[in-house]
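Student: Starting from the given sequences, assemble the full structure and let the hints guide the process.
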Amino acid sequence: MASKLRIAVLECDTPIDTVRNQYGTYGDIFEAFFQRGVGALKDSGHAVDLEVSKWDVVEAQQYPDMDTVHGILITGSKHCSFDDQPWIAKLVAYVQKAYQLGQPRVLGVCFGHQIIARALGASVGRNDAGWEISTCQVQLTTEGSALMGGRESLTLHQMHRDIVLDIPKGITGLGFSDRCLVQGLYLPRRLLSFQAHPEFNEKIMSEILAVRRNQAIFTQEMFEDGQARAPLAHDGNLVARVSCKFLLDP
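full-length UniProt numbering numbers the first residue of the sequence shown as 1 and each following residue consecutively.
I should point out that these hints are in silico values taken from the structure, not numbers from a laboratory. One thing to keep in mind: the hints can contain errors.
Stated by the list, open to error - Using 25 Å as the maximum straight-line C-alpha spacing, the simulated PhoX-like pairs for lysine-lysine come out as follows:
id : residue 1 : residue 2
1  : Lys4      : Lys169
2  : Lys4      : Lys78
3  : Lys245    : Lys97
4  : Lys42     : Lys4
5  : Lys90     : Lys169
6  : Lys42     : Lys78
7  : Lys54     : Lys97
8  : Lys54     : Lys78
9  : Lys97     : Lys169
10 : Lys42     : Lys54
11 : Lys42     : Lys169
12 : Lys4      : Lys97
13 : Lys245    : Lys4
14 : Lys90     : Lys78
15 : Lys203    : Lys78
16 : Lys54     : Lys169
Given the structure is predicted, the values throughout are model-derived calculations rather than measurements.
Tutor: Dropping the structure here:
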């Protein structure tokens with residue numbers, strides 16, 4: 001019998017037009033990400049019946065009832081996790097409540113990773129080292145390596161200049177990079193987060209790089225460096241499988 005897995009994606013932004021036209025909303029992109037994860041579990045003999053709902057927490061500020069889903073995923077965003085906009089404050093409070101209740105389990109990516117850290121009392125802010133973009137190597141801690149099947153490092157897409165500055169009390173750090181010392185957070189059966197974007201692919205990364213170059217956010221040198229690394233093989237599918245397994249572990 002297949003395991004039921006209900007995931008609510010809390011959409012904290014809208015993709016740029018060229019990405020949205022091809023891949024849909026961030027909720028759609030993460031639905032495809034989780035489909036890859038449950039597909040990998042099925043290949044190993046674990047059938048999963050996946051159900052993904054999508055929630056606009058910026059404009060509509062709507063949230064699922066916590067007892068109706070197994071997990072929530074907080075997406076990335078162009079907004080700053082340390083801002084005090086009303087919708088961000090509401091999101092932080094929702095995550096705090098979910099964590100205190102122990103259900104649903106909480107997943108976060110990039111902005112979502114930072115929101116989880118903030119909700120648990122850690123500091124978040126601008127990175128003095130600047131942007132981390134395109135495919136980058138993340139060195140795993142002992143705990144991160146165990147979670148990732150013994151890997152010493154992962155290659156993942158990055159797109160951020162805000163970071164988590166310290167690890168919340170009682171939470172395990174998963175890894176670090178040259179520009180970011182807190183690349184992930186983990187507490188079994190409670191929370192899992194990544195500073196990177198495991199849901200991204202080369203096309204999504206290339207489109208974002210081009211837009212931010214055209215907006216003069218990135219220099220031509222940054223753009224060319226990021227584009228050169230965008231096609232590199234990455235471990236997004238491994239993170240998808242691990243994320244689904246985290247949500248399903250009894």
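Student: With a cut-off of 25 Å on the C-alpha distance, tell me whether Lys90 and Lys169 pass.
Tutor: holds (22 Å)
Student: Within a Cα-Cα threshold of 25 Å, do Lys245 and Lys4 meet the stated pairing?
Tutor: holds (12 Å)
Student: Is Lys203 close enough to Lys78, meaning Cα to Cα at most 25 Å?
Tutor: The given pair, whose Cα atoms are some 18 Å apart, holds under the 25 Å limit.
Student: Check whether the Cα positions of Lys4 and Lys169 lie no farther apart than 25 Å.
Tutor: Violated, at roughly 32 Å.
Student: Would the pair Lys42 and Lys54 pass a check requiring their Cα atoms to be no farther apart than 25 Å?
Tutor: Judged against 25 Å, a Cα distance of about 24 Å means the pair holds.
Student: Holds or violated: Lys4 with Lys78, Cα cutoff 25 Å?
Tutor: Distance of about 32 Å is beyond 25 Å: violated.
Student: Take a quick look at whether Lys54 and Lys78 sit within 25 Å of each other, Cα to Cα.
Tutor: holds (18 Å)
Student: Check the hint pairing Lys90 with Lys78 against an upper bound of 25 Å on the C-alpha distance.
Tutor: Holds, at roughly 17 Å.
Student: Can you confirm whether the C-alpha distance between Lys4 and Lys97 stays at or below 25 Å?
Tutor: holds (23 Å)
Student: Check the hint pairing Lys54 with Lys169 against an upper bound of 25 Å on the C-alpha distance.
Tutor: Judged against 25 Å, a Cα distance of about 30 Å means the pair is violated.
Student: Are Lys42 and Lys169 close enough, with their CA atoms no more than 25 Å apart?
Tutor: Roughly 35 Å between the alpha carbons, so the hint for Lys42 and Lys169 is violated.
Student: Is the hinted pair Lys54 and Lys97 satisfied, with a Cα-Cα distance of at most 25 Å?
Tutor: It holds: about 19 Å lies between the C-alpha atoms, which stays within 25 Å.
The structure fails hints 1, 2, 6, 11, 16 (numbered hints given earlier, in ascending order).
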